[in-house]
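As a plain string of letters, each chain reads:
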Amino acid sequence: MTKPLSAPLDVGFDYTRSLGPTLGRFLTDLRRRKVTGIRGSDGRVHVPPLEYDPVTAERLSEFVEVASTGVVRGWSWIPEPLEGQPLDRPFAWALIQLDGADTTLLHAVDAGSPDRMATGARVRVRWRAERVGAITDIECFELSDEPADDPVDADEVTMVTTPVHLHYTHSASPTEDPFLRGLMEGRLIAQRCPACSKVYFPPRPACPTDGVPTTDQIELSDRGTVTTFCVVNVPFLGQRIPPPYVSAYVLLDGADIPFLHLLLGVAPEDVRMGMRVEAVWKPRQEWGPTMQNIDHFRPSGEPDAPFDSYSQHL
Amino acid sequence: MRDIAVVGFAQTPCVRETDGTTNGVEMLVPIFHEVLGSLGLTKSDIGFWCSGSSDYLAGRAFSFVSAVDAIGAFPPIMESHVEMDAAWALYEAWVKLLCGEVDTALVYGFGKSSAGQLRRVMAMQLDPYVVTPLWPDSVGLAGIQARMGIEAGLWDEEAMASVAARSRAAAVSNPMAQLSGSLEIPDLLATPYVADPLRRHDCAPITDGAATIVLAAGDRARELCERPAWITGFEHRVDSPSFGARDLLTSPSTVAAGKAAGAEGIEVAELHAPFSHQEILLRQALGLGDDVVVNPSGGVLAGNPMFAAGLARIGEAARRVHDGSASKVLGHATSGPLLQQNLVCVMEGRE
Chain A
12 MTKPLSAPLD VGFDYTRSLG PTLGRFLTDL RRRKVTGIRG SDGRVHVPPL EYDPVTAERL
72 SEFVEVASTG VVRGWSWIPE PLEGQPLDRP FAWALIQLDG ADTTLLHAVD AGSPDRMATG
132 ARVRVRWRAE RVGAITDIEC FELSDEPADD PVDADEVTMV TTPVHLHYTH SASPTEDPFL
192 RGLMEGRLIA QRCPACSKVY FPPRPACPTD GVPTTDQIEL SDRGTVTTFC VVNVPFLGQR
252 IPPPYVSAYV LLDGADIPFL HLLLGVAPED VRMGMRVEAV WKPRQEWGPT MQNIDHFRPS
312 GEPDAPFDSY SQHL
Chain B
9 MRDIAVVGFA QTPCVRETDG TTNGVEMLVP IFHEVLGSLG LTKSDIGFWC SGSSDYLAGR
69 AFSFVSAVDA IGAFPPIMES HVEMDAAWAL YEAWVKLLCG EVDTALVYGF GKSSAGQLRR
129 VMAMQLDPYV VTPLWPDSVG LAGIQARMGI EAGLWDEEAM ASVAARSRAA AVSNPMAQLS
189 GSLEIPDLLA TPYVADPLRR HDCAPITDGA ATIVLAAGDR ARELCERPAW ITGFEHRVDS
249 PSFGARDLLT SPSTVAAGKA AGAEGIEVAE LHAPFSHQEI LLRQALGLGD DVVVNPSGGV
309 LAGNPMFAAG LARIGEAARR VHDGSASKVL GHATSGPLLQ QNLVCVMEGR E
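Chains as they are written, first to last, in the numbering used here: chain A, 12 to 325; chain B, 9 to 359.
If we strip away everything but chain B, and leave its shape as in the complex, we get (with noise of 0.2 angstroms):
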């Protein structure tokens, strides 16, 4: 098999509305040009560009195709599309870069949510038949699952709120992100539900954003980046759509994703958590002892732009391998409802 590594990464900063379009061509252009512009490439030496984004989000249909202006697709590229974050994406450029048929790829997410209303939007990915004419919102099943962990006892409403005063901390150092600084603790539980028993700390915000990873293969990863985020395992694995049929206080696809990535040794993990009780969720299912440090950029609770998010967890962890700080990272990502659908990259640097 070919070795093939992440070797750059940007996205914008997380923010609660932008001017621009759903589309997301204003927020694709700057950052296509600063992760191309740092491994010194122009976009005719992409092998291969593969995106992750949302109709719904947008409100408008074949919105990813628009994005393309950003690329300036001529002469004309290979070019694909998922619709699912851009996680997903990632993983078929992986495979596009594995068959031998490009040595890179350049990978991007984009959402902007404020367009719409998110918690109604969400409604979209669920059951069409018997789940989604409810028009269940996100917060609200999230609470649920969140109230069957306290009452088993795998987490109660102060080990959530110190989840997101973590973040909110670890975001400080992070100027990409869109909430931060010190929160303390029986303050945010003095706080009123959203969707009881969640809090708005316990919830990612809404953010408008995007990012953009680029892979390379063997040794044009090494030519193009010092210490090149090698991945050594990336799978992803799916629950059923039927949440009633699935024991909520674990993700069977997350332990078996991680478990297939050879998730051991980790020094840094980015989690795809967007409700506080997920980041405990997904360290118990993942395996990740109290040594792994977790979120070192706050999280998706401190900036969650949809589509984009997954992606830019494995960006995150990658940059520590880029910058010298770890040598074995992990980045995971989330679709669906409760944790439906993980994927989980796990990556190194080589001396």
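Next comes chain A alone, as it looks inside the complex (with noise of 0.2 angstroms):
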């Protein structure tokens, strides 16, 4: 068997969080060029500052000013960053003891070769120069036995946004694969479970219902049946068809699973349950692995099926 079809899937997004009385303080300082910690129930100074003594977890709220220059207490030597990494050449990660603090802060510390980097080497923040409120406002640290750049004004924060972007590879399961391959030459392609007969389209990995992966493959022809259906009255961001227009469940003759197209070629208020309908392909070089190749369905003009030819795929 070849191997299933698989495709780049980049999945972003950027998280917005509000940062509350503890972080804020911390963030917003940071745009200040000035790091606090938080004093513990033990009297040990954190930073990052804790909202809740790990130990106690008595809510801590005493605020202590630390220095932005301390020490490497451990450190890793990456000799190829990834992305998003606060270095684009190699670094070392390092737990710093910032002085004032009694525990450690992580981040990058521009050593230019591992054979520079020690435990107990003194270092000093490098400040970004444009600062937002965020744990990069520390661009990372250098090897330094100077003080950092003085403290500045600057507004308060009490939201952080972080983008995040992680890329896979999208793998279609087996029995989607032929599914995707006949859609690219405009065949809907169907799986059959060997134990209880039904027919999915889309194909499943496994029959959900039997927990054994379908093995037998019909081709079905491309009418079918309305078996139920919205009117889409709600703009939203990416919509492509101005509202009012119906989503429609359309089971395909044959089909035992009903999926959700697009119906035009009707008024909304003339759609009901049972309403025969066809597709309609987009011109056929636009054709790719995917159902966006049926552009729409549309009536067909057949009389509706009786509600028993579809009450079980509701």
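Just to be clear, a hint being listed does not mean it is correct.
[What the hints assert, rightly or not] Chain B side only, calculated, beta carbon under 7 angstroms to chain A, not exhaustive: (1) Thr29; (2) Asp77; (3) Ala123; (4) Gly124; (5) Arg128; (6) Tyr137; (7) Val138; (8) Pro141; (9) Leu142; (10) Asp145; (11) Gly151; (12) Ser248; (13) Ser250; (14) Gly252.
[Unchecked claim] Residues from chain A that face chain B, not an exhaustive set, calculated with beta carbons under 7 angstroms: (15) Lys14; (16) Ile89; (17) Thr147; (18) Leu177; (19) Phe318.
[Unchecked claim] Which stretches of chain B does chain A cover? Using the computed rule of at least three CB atoms under 8 angstroms from a CB of chain A, they are: (20) 32–42; (21) 78–89; (22) 153–164.
Treat the hints as calculated values from the structure; they're not laboratory data.
From the three backbone atoms N, C-alpha and C, an ideal C-beta is built for every residue, glycine too.
Fit the two chains together into the complex; they arrive one by one in their own frames, and the hints show the way.
What follows is the structure, given as structure tokens:
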């Protein structure tokens, strides 16, 4: 068997979070080129500050300003930095105990070479020029005995936005693969469960009723029945058609599971359960391994299907 | 309290990359078939299903819901999921059995790490305000801990390489292992660093795989299994997510979980140590002496299916009770950065 179709899948989202009084103070101060910790129940000064003591769970509130200079307490060397990391040239990850703090902060040290890194080395913050109130306002640390840049004024921050971008290779299942390859040729390939004989379109990796892979492949026509539908009246981001329009569940003839598609060529108020419909395909040169090859469904003009013919598929 | 035992275990081969989907169905169908078949059960005999997996690993939402297709969940089943290693799903199932709600449970975990870039995906489990935005990679973080231990005199690069060599050698007898063979320590120490002081052999490989365990209570366990692995202690503890505030040279949560679970007189221990130095650290935290056989399967340095590897440790340990080669065993699982959260399951055979 050939390897199932696969494609790059890039997932991205800007996580936007409110900060609250503790992290809000910490990130506001970073924006002001200051580092602030918090005193724990045992008197230790935590940097970054914690909202609750890690041992007693007591709410913490006594902020303590610490220095922008400190000591490396542990480190590793990253010869090939990954996307999103503080530096795009080889650097050290380090746990840094800032002067005045009792715990360590994780950040990058721009040391140039692992030969220059050492536990106990003195470092200072390299402040980013454009600061927004984020841990990345510290561009990185650098090896130095000298003080860091002096504090400046800046507005308070209450929110932080963290963009997350991850990259995957998405693989189709062995049963989705012939379905997708069929679509490229304008064919609708379903799978039948060998145990219960239900026909799945689109196919599933295993029959959800029996838990066995579907092995029997069958081809369906592009005609079917509307089992249920809704009229979309609400505008949303990325909408391709001005509302109102109809999203309908279409049960292809011979299939046991309906799928959602667009229904055009009929006024929303005239759509009904049991309406017979047919696929309207995009021009062949636009076809790919996607259900979007079917632009929409439209009424076929046949008499409505009797309720009993689709009542088990709602 | 009811007596509850591990009665069945199955796992897929650990491989670098599968052709299957990230929802695990292709990996799960065969091992469900295997574990249920070996016990003479069908899906309708299972009272509760519980799984562990991660959408960040899968790169899609609700991948665990798609995975339920592998069960054939009709008529409807009682089912739950944790976004953690499935060892914690086993804990949930154990509690369900303890409550007397059901007599049997099937637990499974799956992960297709090859779909994404694991070192980056793992940054998603860190503090989202002050750590994740730096995109610390799991190997780089572990390297800091390894160096701190070296400089504190707890282990050295040779001791770390010895752990890796012993794991690969043990894995020769494990047909499910991804990496196995005979390695010479001087050769290992001559290889380049991945994240100084970690070399490739110090890091668990990137693995696709899945594992499943069947639990049963009391007489049901005795019916199903000649020599059930009775759970005599099952505990999990967590340390602060602020790893800069933790003592990284020990694992307080492992110490506490081991003590509470009664980790004494252990003959065989399967430890979930994704980095070689962490096996040394865990042995110390659990007080396992030189007479304890550690990771006879090769452990996760020989194959590390994310979200299934901790469950598989418990399954591998239970197998030593099932086959009569041990009478008191320990399975350990970890979650979170730098051994933040730890679970210990102690099991015994009874004559």
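Checklist line | Numbers of unmet hints, in rising order | finding: Of the numbered hints, just 19 does not hold.
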